[in-house]
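Given the sequences, and given the hints that come with them, work out the whole structure.
Note that the protein sequences, when read in sequence, are chains A and B.
Residues in the first sequence are numbered from 112 upward in steps of one, following this note's numbering.
Residues in the second sequence are numbered from 112 upward in steps of one, following this note's numbering.
Since the hints were derived computationally from the structure, they do not count as laboratory data.
Be careful, since some hints might not be right.
Which copy is meant is left open, so a pair is good if it fits within one copy or across any two.
To be verified - Below, a list of computed lysine-lysine pairs in the DSS-like style, where the Cα atoms sit at most 30 Å apart:
#	residue 1	residue 2
1	Lys-153	Lys-182
2	Lys-163	Lys-302
3	Lys-273	Lys-163
4	Lys-153	Lys-174
5	Lys-163	Lys-174
6	Lys-324	Lys-200
7	Lys-163	Lys-239
8	Lys-273	Lys-324
9	Lys-182	Lys-328
10	Lys-182	Lys-200
11	Lys-200	Lys-302
12	Lys-239	Lys-153
13	Lys-273	Lys-239
14	Lys-239	Lys-182
There are 2 protein chains.
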Amino acid sequence: ESTLAVSEKEKKMDSSSSSSSSADGKREEKGIASYWGIEASKITKPDGTEWKWNCFRPWETYKADVTIDLKKHHVPLTFLDRMAFWTVKALRYPTDIFFQRRYGCRAMMLETVAAVPGMVGGMLLHFKSLRRFEHSGGWIKALLEEAENERMHLMTFMEVAKPRWYERALVITVQGVFFNAYFLGYLVSPKFAHRMVGYLEEEAIHSYTEFLKELDKGNIENVPAPAIAIDYWQLPQDSTLRDVVLVVRADEAHHRDVNHFASDIHYQGRELREAAAPIDYH
Amino acid sequence: ESTLAVSEKEKKMDSSSSSSSSADGKREEKGIASYWGIEASKITKPDGTEWKWNCFRPWETYKADVTIDLKKHHVPLTFLDRMAFWTVKALRYPTDIFFQRRYGCRAMMLETVAAVPGMVGGMLLHFKSLRRFEHSGGWIKALLEEAENERMHLMTFMEVAKPRWYERALVITVQGVFFNAYFLGYLVSPKFAHRMVGYLEEEAIHSYTEFLKELDKGNIENVPAPAIAIDYWQLPQDSTLRDVVLVVRADEAHHRDVNHFASDIHYQGRELREAAAPIDYH
Ligand SMILES: [Fe+2]
Ligand SMILES: [Fe+2]
Ligand SMILES: [Fe+2]
Ligand SMILES: [Fe+2]
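Shown next as C-alpha cells:
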C-alpha cells in the first residue's frame, strides 16, 4: 500500500534540507521540503539570466498600447451614472488633501484600492457561472486579469515609494471598507459598480497625467524604472519612472473602456456573458 | 471637447444595431452597442473553423498528464490533519446516499463545490498581497487557475448531465454555506483549508475511478466527448466520455498535490509566497 511508503518518504524529506522550491522575486531559497513532486519550472530570459518573477511569466508580459485615447469620457446620462460620477468626484477631495502633490505615494496607495473591483467582480461572476451552469463569456478572466494588472502596478510603485506604517494602516482600513462596499454594490447593481470603476479609471488617468507633469517639472526625480516594470511591460533597459507612468496610464485607459463597456452591456438589458469579454485588452 | 462628441457618438451607436461583440459558446450574436472600441479578437482553429470558447483560449488548453500517481495519499499525522481527513470522510456519506451510482450527475454537482476553494484562496492571497505590499510567489495565479480548471470540469459535465430544478436549488444552498465556511476557514487556518482540499481531491479521484468502472461495466453509456472537452484537453475528435473522465481525474490528482503541498508549506512555518507556486501544473 502506497500510504505507508509516502509517509516514510515524507519523514525522510522533512529532515533533509533539499528543496525543489525557489522563492519569489528577491527572496532566497529557504529549503521547503516537499514529496509532492511539484517543481516550479525554471525559466530563462533570452539573455540567459533567470526569470525572476513568479507572480507573472514571460508570456503574460506585454507592450502597453500608449496610443489609446486618454480623453474619452462617458457623459453621465442617467441618475445612476450621475451617482457613480459624483461618488468618485467626492472621493477625490480627501485623496487630494491627503496626498497633495506626492504622486508616487498617491499612485502606490490608490493601486491597493484599484485592485479590488476586478477581483470582486471576477469572483462573483465565477460563482454565478457555477450556480447557473452558465458560461461566462470570458468576463471572469477579463476582470481577474484587470485585478492582476492593478496588483502589478502596485508591485511596481512600491519599488519607488516605500509605504510608511500609517499608510499601511490606512490601506488595511480602506481595503476592509471598499471590499465590502464593492461586494454589496456589485450584487445590487453591477451596472453601477462597473460605471463607478469607469469613472475611477478616468480619475486615475488624470492623476497619472499630473504625475507626468511633476516629473517633467523636476519636482519628482525621474529615477530609473524598477526591474519588475522593465520585465512586465517589456521596456528598454534604460527606461525611467516617466516611461513606467506612461504605460500604467495606458493600462488605466484600457480599464476605463472595459468597465464603461461592461456597464453599457447591463444598461442594454443584457448580461456580460452575452458579449465576448476583452481578454488580453491592454 | 471630446465629451460631447462621445456623447453624440453614443446616441448614434445606441440606435444602430451594429455590434462589435460576439457572444459566448452556442449563443448567437445579439447586437450590443459599444463605442469603447473593444473588440474581442476572432481566433480560428488550425482547421480554419472559428474558436468557439470565450471562457478559455487556445493557449490555455493542455494535454493532461494522466501518468500522475493516483494512489498518493497524505497520512494524517497531526490533530488538524485528522480533523481535515474526517471532515471530508463525513461529507462523503450524505453525498453517497444522495447520488448512489449516478456518477455523471454526481460529478457535475461536485464540480460546483470544487471550484470554490481555489477562488476563495486566490482572492484572499490577492488582498493579502495588496495589504502587505508583498509578492505572492505566483500562488494567487495558481489557485485561481485551479478554480478555473474546476469550472471547466463543470462546463464539461453539464453537457452530459442536465441539472434538474432541485439540484440547482441544492447547488445555490451548498455554495452559500461552503463559500462562507471556506472563507472563514482560510482566514483562520490556511493550513487546515488546503489540507481539507487535498483530501477532497483524494475523494474526487476515488469518485472518478468509480465512474470509470460504471462506464466499463456499461451501466453508464460511454457517449461521445462534449466539444468543449475536446478543445480544452486537446483530445482526439473521436474521444468519449471515458477519455474525459480520465483527464479530469488526472486534474484532480494535480489539485491534490498542489493543496497538500500548500498545507505542508504552512506546516513548515512558512508562507506560500516563499515557495514558487506550481503555475501551469496540470
Ligand atoms: Fe492601476
Ligand atoms: Fe486601473
Ligand atoms: Fe474537478
Ligand atoms: Fe479538483
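So, going through the hints one by one against the coordinates:
With identical chains, the CA atoms of Lys-153 and Lys-182 are at most 30 Å apart between copies only, with a shortest distance of 28 Å across copies and 42 Å within one. Proximity of Lys-163 to Lys-302 under the C-alpha cut-off of 30 Å is restricted to the inter-copy arrangement: shortest distance 27 Å between copies versus 39 Å within a copy. For a Cα distance limit of 30 Å, the shortest separation of Lys-273 from Lys-163 inside one copy, 21 Å, qualifies, whereas the shortest one across copies, 46 Å, does not. For the homomeric pair Lys-153 and Lys-174, the shortest alpha-carbon distances inside one copy (23 Å) and between copies (20 Å) are both at most 30 Å.
In this homomeric assembly, Lys-163 and Lys-174 come within 30 Å of each other (Cα to Cα) both inside a single copy, at 19 Å, and across copies, at 27 Å. Taking the shortest Cα distances, Lys-324 and Lys-200 sit within 30 Å of each other inside one copy (21 Å), while across copies they are farther apart (62 Å). Taking the shortest Cα distances, Lys-163 and Lys-239 sit within 30 Å of each other only across copies (21 Å), while inside one copy they are farther apart (36 Å). Only within a single protomer do Lys-273 and Lys-324 lie at most 30 Å apart by alpha-carbon distance; the minimum there is 22 Å, versus 58 Å between protomers.
When the C-alpha separation of Lys-182 and Lys-328 is checked against a cutoff of 30 Å, the pair qualifies only within one copy, where the shortest distance is 22 Å, while the shortest distance between copies is 65 Å. Taking the shortest alpha-carbon separations for Lys-182 and Lys-200, only the intra-copy value of 17 Å comes in at or below 30 Å, while the best inter-copy value is 58 Å. With identical chains, the CA atoms of Lys-200 and Lys-302 are at most 30 Å apart within one copy only, with a shortest distance of 18 Å there and 43 Å across copies. Taking the shortest alpha-carbon separations for Lys-239 and Lys-153, only the inter-copy value of 26 Å comes in at or below 30 Å, while the best intra-copy value is 36 Å.
Only between protomers do Lys-273 and Lys-239 lie at most 30 Å apart by alpha-carbon distance; the minimum there is 17 Å, versus 38 Å within a single protomer. For the identical chains of this complex, Lys-239 and Lys-182 are neighbours neither inside a copy (34 Å) nor across copies (34 Å), given an alpha-carbon limit of 30 Å.
When the structure is compared with the earlier hints, a violation turns up for hint 14 alone.
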